[in-house]
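> Residue numbers (the numbering used here), protein chains in the order written: chain A, 5 to 274; chain B, 5 to 274; chain C, 5 to 274; chain D, 5 to 274.
Treat each hint with caution, since some may be false.
[Unchecked claim] Here are the simulated DMTMM-like cross-link-like pairs (lysine to aspartate or glutamate), alpha carbons at most 25 Å apart as the crow flies: (1) C:LYS247 with D:ASP246; (2) A:LYS55 with A:GLU93; (3) C:LYS241 with B:ASP246; (4) B:LYS247 with C:GLU44; (5) A:LYS241 with B:ASP246; (6) C:LYS196 with D:GLU257; (7) C:LYS196 with C:GLU7; (8) D:LYS136 with D:GLU7; (9) D:LYS247 with D:GLU7; (10) A:LYS247 with D:ASP246; (11) D:LYS247 with D:ASP56; (12) A:LYS85 with A:ASP56; (13) A:LYS247 with B:GLU197; (14) D:LYS9 with D:GLU197; (15) D:LYS89 with D:GLU257; (16) C:LYS247 with C:GLU44; (17) B:LYS9 with C:ASP246; (18) D:LYS89 with D:GLU113; (19) D:LYS196 with D:GLU152; (20) C:LYS247 with D:GLU152; (21) A:LYS247 with D:GLU153; (22) C:LYS247 with B:GLU197; (23) B:LYS89 with B:GLU113; (24) C:LYS136 with B:ASP107; (25) A:LYS247 with D:GLU152; (26) A:LYS247 with B:GLU152; (27) D:LYS247 with C:GLU152; (28) B:LYS241 with C:GLU7; (29) D:LYS196 with C:GLU257; (30) D:LYS9 with A:ASP246; (31) B:LYS89 with B:ASP56; (32) A:LYS9 with D:GLU153; (33) D:LYS247 with A:GLU7.
[Stated by the list, open to error] Selected chain A positions facing chain B (in silico; Cβ < 8 Å): (34) GLU180; (35) VAL181; (36) ASP188; (37) SER215; (38) MET220; (39) VAL266.
Please keep in mind that the hints were generated in silico from the structure rather than gathered at the bench. Keep in mind that this is a model prediction, so the values were computed, not measured. For every residue, glycine included, the Cβ atom is placed at its ideal position computed from N, Cα and C.
So the chains spell out like this:
Protein chains: 4
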Amino acid sequence: MEELKLTSLAGRPRTVVAAGPLRLGAGFAVIAGPCSVESESQLMTIARAVKDAGADALRGGAFKPRTSPYAFQGLGLRALKILEKARRETGLPIVTEVLDPRDVSWVSEFVDVLQVGARNMQNFSLLKEVGKGSRPVLLKRGMHSTLEEWLNSAEYILSAGNPNVILCERGIRTFEVYTRNTLDLSAVPAAKELTHLPVIVDPTHGTGRVSLIESMSLAAAAAGADGLIVEVHHNPKEALSDKAQALLPAAFEAMVRRVRAVRACVESLP
Amino acid sequence: MEELKLTSLAGRPRTVVAAGPLRLGAGFAVIAGPCSVESESQLMTIARAVKDAGADALRGGAFKPRTSPYAFQGLGLRALKILEKARRETGLPIVTEVLDPRDVSWVSEFVDVLQVGARNMQNFSLLKEVGKGSRPVLLKRGMHSTLEEWLNSAEYILSAGNPNVILCERGIRTFEVYTRNTLDLSAVPAAKELTHLPVIVDPTHGTGRVSLIESMSLAAAAAGADGLIVEVHHNPKEALSDKAQALLPAAFEAMVRRVRAVRACVESLP
Amino acid sequence: MEELKLTSLAGRPRTVVAAGPLRLGAGFAVIAGPCSVESESQLMTIARAVKDAGADALRGGAFKPRTSPYAFQGLGLRALKILEKARRETGLPIVTEVLDPRDVSWVSEFVDVLQVGARNMQNFSLLKEVGKGSRPVLLKRGMHSTLEEWLNSAEYILSAGNPNVILCERGIRTFEVYTRNTLDLSAVPAAKELTHLPVIVDPTHGTGRVSLIESMSLAAAAAGADGLIVEVHHNPKEALSDKAQALLPAAFEAMVRRVRAVRACVESLP
Amino acid sequence: MEELKLTSLAGRPRTVVAAGPLRLGAGFAVIAGPCSVESESQLMTIARAVKDAGADALRGGAFKPRTSPYAFQGLGLRALKILEKARRETGLPIVTEVLDPRDVSWVSEFVDVLQVGARNMQNFSLLKEVGKGSRPVLLKRGMHSTLEEWLNSAEYILSAGNPNVILCERGIRTFEVYTRNTLDLSAVPAAKELTHLPVIVDPTHGTGRVSLIESMSLAAAAAGADGLIVEVHHNPKEALSDKAQALLPAAFEAMVRRVRAVRACVESLP
Chain A
5 MEELKLTSLA GRPRTVVAAG PLRLGAGFAV IAGPCSVESE SQLMTIARAV
55 KDAGADALRG GAFKPRTSPY AFQGLGLRAL KILEKARRET GLPIVTEVLD
105 PRDVSWVSEF VDVLQVGARN MQNFSLLKEV GKGSRPVLLK RGMHSTLEEW
155 LNSAEYILSA GNPNVILCER GIRTFEVYTR NTLDLSAVPA AKELTHLPVI
205 VDPTHGTGRV SLIESMSLAA AAAGADGLIV EVHHNPKEAL SDKAQALLPA
255 AFEAMVRRVR AVRACVESLP
Chain B
5 MEELKLTSLA GRPRTVVAAG PLRLGAGFAV IAGPCSVESE SQLMTIARAV
55 KDAGADALRG GAFKPRTSPY AFQGLGLRAL KILEKARRET GLPIVTEVLD
105 PRDVSWVSEF VDVLQVGARN MQNFSLLKEV GKGSRPVLLK RGMHSTLEEW
155 LNSAEYILSA GNPNVILCER GIRTFEVYTR NTLDLSAVPA AKELTHLPVI
205 VDPTHGTGRV SLIESMSLAA AAAGADGLIV EVHHNPKEAL SDKAQALLPA
255 AFEAMVRRVR AVRACVESLP
Chain C
5 MEELKLTSLA GRPRTVVAAG PLRLGAGFAV IAGPCSVESE SQLMTIARAV
55 KDAGADALRG GAFKPRTSPY AFQGLGLRAL KILEKARRET GLPIVTEVLD
105 PRDVSWVSEF VDVLQVGARN MQNFSLLKEV GKGSRPVLLK RGMHSTLEEW
155 LNSAEYILSA GNPNVILCER GIRTFEVYTR NTLDLSAVPA AKELTHLPVI
205 VDPTHGTGRV SLIESMSLAA AAAGADGLIV EVHHNPKEAL SDKAQALLPA
255 AFEAMVRRVR AVRACVESLP
Chain D
5 MEELKLTSLA GRPRTVVAAG PLRLGAGFAV IAGPCSVESE SQLMTIARAV
55 KDAGADALRG GAFKPRTSPY AFQGLGLRAL KILEKARRET GLPIVTEVLD
105 PRDVSWVSEF VDVLQVGARN MQNFSLLKEV GKGSRPVLLK RGMHSTLEEW
155 LNSAEYILSA GNPNVILCER GIRTFEVYTR NTLDLSAVPA AKELTHLPVI
205 VDPTHGTGRV SLIESMSLAA AAAGADGLIV EVHHNPKEAL SDKAQALLPA
255 AFEAMVRRVR AVRACVESLP
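Just chain A, with the same shape it has in the complex (with noise of 0.2 Å):
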């Protein structure tokens, strides 16, 4: 663990990242939506969805990084105008995802934070690229990535002048096949007895099965996370991608009911 500066927790009082009413790293944060913006009523039902159950961010793909090249690639810039619209009526904060360093810029005109995906957390020109902006960027763990370099990565972004980093655990890869990753939520109090930065997990990805999203996002709230993104949908069968992993807007909202009781609970702790 040499090397780390600027996102060590040495010295340093604890990060909150904020964007518009957003606060990560003060109280608990819960980011919910599609896994693909897929049309404008897909996106709005499911925004006014995740609002009435009490969510604090939206998220929606434009760009999608698929395994192959024929799957289903993302809406782009329609999909941006879609939630900035979405932005416009329910007053959630816009998380999503780049994928190119050349699309940093324009997008965060449309965007309150800029993820970056597993794929791309070893991505350094578009560490770099978000690094310039002042946008808060969500950077996900590489599923093959050490605790070391995800903070590496992140300081790649802190030391190119961009301050408002959010660290998402979300699974990593291992020979367990019932789950799609394994979730690592020890990756939780351990990197923030490393930095300063906050720290959110992604049940969905981490565990890939619908049934295990709510035991993980107890879980990650009792672990010390700061919050939560989680994919919902309104029709997971007809979702153009991650089918099998998208909670129903009732579920979202009952767990984020039971989410909030837990670090209450968690908070209160003697």
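Using the hints, position chains B, C and D against chain A.
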């Protein structure tokens, strides 16, 4: 997940495994004690401390599975006699590991729960032998074992006649080096959706770092685990094994209070 | 790599392990046969075929470590008697796996080499027991085991008094699903720079795919392995275990010729 | 393995990728050079040495993907000019890594083969960009990537219009710590049974240990690889990156001779 007959949840109520006053699967149980029994004074000191801190059972190794043949291998029979004395004084049931099928029968005379360690999860001779008796068996997940393999190992014990199996997630081996293993908490709700057996968590081996144990214990309670098994030592620096990961009694006592508070909160969720 | 005393290469010549006419560590040895002994006619057919193809020893399982208790567990004593008969007829030394320390002594009466399987690499009771005798031990690397742990397991056997250990790389468990395991051929030269013991390779379990076995066998010979252990079956589709990965005798025969040619080439390199 | 259209072997002859005098997929090609271009004298010294040793192409990094933002990041354009000079003098085609889609077009003016590194194997913007040109692309397997994902990444390049893809196995990340990565040689014949593209091996990153490189190179040749990419440095201790794993020119020269002898042997097998 074919071939699970007796461990499958389908059509069965959840199992409660009893060992003296210990009830695994009803409420939240905490098993604690040193990695190895080192001496009578060491074990009695720790036994009293974990009893006072609210532990439900005492763990202590008599036979130690060590990577090197030249490392401390445990006190064997002498340790069992010391554990017996600790039970007499504290009333705590005793959990200890067996390594050899030839030891199962006579060690069962001394202790309340037989542990099958991670390295022996697919030691089928040992599984069959502990299956022939009725002593409860704490079956740790192998560090390289899938959920399916783990449940099949439980099936070996049940199919040999012993229904009293407690599953224990203790971390799997991954590329991450910051933690000793990667604690796979999703294995708790995953196992519980497949089997009626109780599932507990070992945050000590699961993380290998004292600083992460409480967070992971709170998370385990929130994720629905039926209990914890934790290493406690009054003088970790002088411990003969696992120096770096044992909690001091005071830290353990505070943790147990917090874990039980989180558990009560989770159980009261609507 | 501390604590290796007897397995360390430092200051020692390379060990040749002899079992009847088999010499491991001098030349290139090929051990072949079915996963399980299923019947006398099955075993004798395969024994003659591998003998004709140039194998140096016959493998065949009498006690099978199976994930499920309901899978075929081997013919036990009956298998050993069949193996004995095959030795009488073909002159090939016999390699078979032992699972239980109680079986070591009497099984040693029937066979020439005792195999300790991957799942038992850290079954320390079994290691100590095979260490008490003088029958050569083929010690497979655990699917989750580091080089250091593997060599320490050999050290258990040597320190108990038996110097005749053959190491066998058989693939480790990774995230890759195309192959059954990931054959770690670098473990061959790595082990040979640390220990004087011979090292062979199991391309059958290492890949789990018939189509890859010859390529990996050629690679093993080129990498400096002291031999191979390969599954051969005259009727793989009807095999009681490991159906998908056994070579037909004709393919095995052609492969042995090619492997020996590559080995001769490698040994003649300036 | 759905969705492979253009990279699939089915119904297609094997591809030969040409870059100047280099032919990948016809014979056995050796690409060698330093990790990073550090200075003109360093690069020219090494270029002459690898040329004399029989290399077919020169590798050298101009843009380095480093874990930490404070590590040496490469000389950029200056390195490219030095590489160009080396090509003029030695006639060796140049292989260099690109990290950013904005660099693809202009870097292509300087070099013969563009490398996409392991960390960028799923940087889909970069894949699409190198797919738009016609410069051959050396696509390294991600350290966390399955065979299926690797081939799908090649599919991105082919489907964008560039048929000139060379696959390169460079080791995957596992729990083993003795080697830097675990070189998965079975990926060579596995890839070749699925795709018509040539497949080479990087034993330098695959092992991370100088002492293992020759054995793994011989094994790669025996396993059917179409070539090697190897780090060579005349003064490894003073290298600005990857100090511990570069071969000295003399060792490289001896290795090339042996590898070609093994390859000739394998090709002459009946």
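> If a hint holds in the structure, say so; if it does not, say that too.
To see whether the hints hold, each was checked on the structure:
For the hint linking LYS247 of chain C to ASP246 of chain D, the alpha-carbon distance of about 44 Å lies beyond 25 Å, and the restraint is violated. About 10 Å separates the Cα atoms of LYS55 of chain A and GLU93 of chain A, which keeps this hinted pair within 25 Å; it holds. For the hint linking LYS241 of chain C to ASP246 of chain B, the alpha-carbon distance of about 48 Å lies beyond 25 Å, and the restraint is violated. Distance restraint check for LYS247 of chain B and GLU44 of chain C: the Cα-Cα separation of roughly 54 Å exceeds the 25 Å cut-off, and the hinted pair is therefore not satisfied.
Restraint check for LYS241 of chain A and ASP246 of chain B: the C-alpha separation of about 48 Å exceeds 25 Å, so the hint is violated. Restraint check: the Cα-Cα separation between LYS196 of chain C and GLU257 of chain D comes to about 23 Å, which is no more than 25 Å; the hinted pair holds. Distance check on the hinted pair: LYS196 of chain C and GLU7 of chain C sit about 17 Å apart at the alpha-carbon level, within 25 Å; holds. Of the supplied pair hints, the one linking LYS136 of chain D and GLU7 of chain D holds, its CA atoms being roughly 20 Å apart against a limit of 25 Å.
Between LYS247 of chain D and GLU7 of chain D the alpha-carbon distance is near 41 Å, which puts this suggested pair outside the 25 Å criterion. With a C-alpha separation of about 42 Å, the suggested pair LYS247 of chain A and ASP246 of chain D falls outside the 25 Å cut-off, and the hint is violated. Our distance criterion of 25 Å between C-alpha atoms is met by LYS247 of chain D and ASP56 of chain D, whose separation comes to about 22 Å. Taken as a hint, the LYS85 of chain A and ASP56 of chain A pair is honoured in the structure, with Cα atoms around 22 Å apart against an allowance of 25 Å.
This hinted pair checks out: LYS247 of chain A and GLU197 of chain B have alpha carbons roughly 21 Å apart, not beyond 25 Å. Restraint check: the Cα-Cα separation between LYS9 of chain D and GLU197 of chain D comes to about 15 Å, which is no more than 25 Å; the hinted pair holds. Restraint check for LYS89 of chain D and GLU257 of chain D: satisfied, since their Cα atoms lie roughly 23 Å apart, inside the 25 Å limit. Taken as a hint, the LYS247 of chain C and GLU44 of chain C pair is honoured in the structure, with Cα atoms around 19 Å apart against an allowance of 25 Å.
For the suggested pair LYS9 of chain B and ASP246 of chain C, the alpha carbons sit about 23 Å apart, so the restraint of at most 25 Å is met. Restraint check for LYS89 of chain D and GLU113 of chain D: satisfied, since their Cα atoms lie roughly 13 Å apart, inside the 25 Å limit. Simply put, LYS196 of chain D and GLU152 of chain D have alpha-carbon atoms about 12 Å apart, close enough for the 25 Å limit, and the pair holds. Restraint check for LYS247 of chain C and GLU152 of chain D: the C-alpha separation of about 24 Å stays at or below 25 Å, so the hint holds.
The straight-line distance between the Cα atoms of LYS247 of chain A and GLU153 of chain D is roughly 19 Å, inside the 25 Å bound, and the hint therefore holds. About 31 Å separates the Cα atoms of LYS247 of chain C and GLU197 of chain B, which puts this hinted pair outside 25 Å; it is violated. This hinted pair checks out: LYS89 of chain B and GLU113 of chain B have alpha carbons roughly 13 Å apart, not beyond 25 Å. A threshold of 25 Å between alpha carbons decides the hint, and for LYS136 of chain C with ASP107 of chain B the separation of about 18 Å falls inside it, so the pair holds.
Restraint check for LYS247 of chain A and GLU152 of chain D: satisfied, since their Cα atoms lie roughly 20 Å apart, inside the 25 Å limit. As the CA atoms of LYS247 of chain A and GLU152 of chain B are separated by approximately 24 Å, the hinted pair is consistent with the 25 Å bound. With a C-alpha separation of about 24 Å, the suggested pairing of LYS247 of chain D with GLU152 of chain C holds against the 25 Å cut-off. Between LYS241 of chain B and GLU7 of chain C the CA atoms are separated by roughly 21 Å; this keeps the pair inside 25 Å, and the hint holds.
Using a Cα cut-off of 25 Å, the hinted pair LYS196 of chain D and GLU257 of chain C holds, with the two alpha carbons roughly 23 Å apart. Restraint check for LYS9 of chain D and ASP246 of chain A: satisfied, since their Cα atoms lie roughly 23 Å apart, inside the 25 Å limit. For the hint linking LYS89 of chain B to ASP56 of chain B, the alpha-carbon distance of about 17 Å falls within 25 Å, and the restraint holds. For the suggested pair LYS9 of chain A and GLU153 of chain D, the alpha carbons sit about 35 Å apart, so the restraint of at most 25 Å is broken.
Of the pairs offered as hints, the one joining LYS247 of chain D and GLU7 of chain A holds, with about 18 Å between alpha carbons and a cut-off of 25 Å not exceeded. Hint on GLU180 of chain A holds. Least Cβ distance to chain B is approximately 6 Å, under the 8 Å limit. Against a cut-off of 8 Å between C-beta atoms, the interface hint on VAL181 of chain A holds, since the closest Cβ of chain B lies about 6 Å away. With a cut of 8 Å, the hint placing ASP188 of chain A at the interface with chain B holds, because the nearest CB-to-CB distance is about 5 Å.
Because the closest C-beta pair between SER215 of chain A and chain B is about 6 Å apart, less than 8 Å, the hint holds. The criterion of a C-beta within 8 Å of any C-beta in chain B is met by MET220 of chain A, whose closest approach is roughly 6 Å, and the hint holds. Taken as an interface hint, VAL266 of chain A checks out: its beta carbon lies about 6 Å from the nearest beta carbon of chain B, inside 8 Å.
Consistency with the previously given hints fails for numbers 1, 3, 4, 5, 9, 10, 22 and 32, ordered from lowest to highest.
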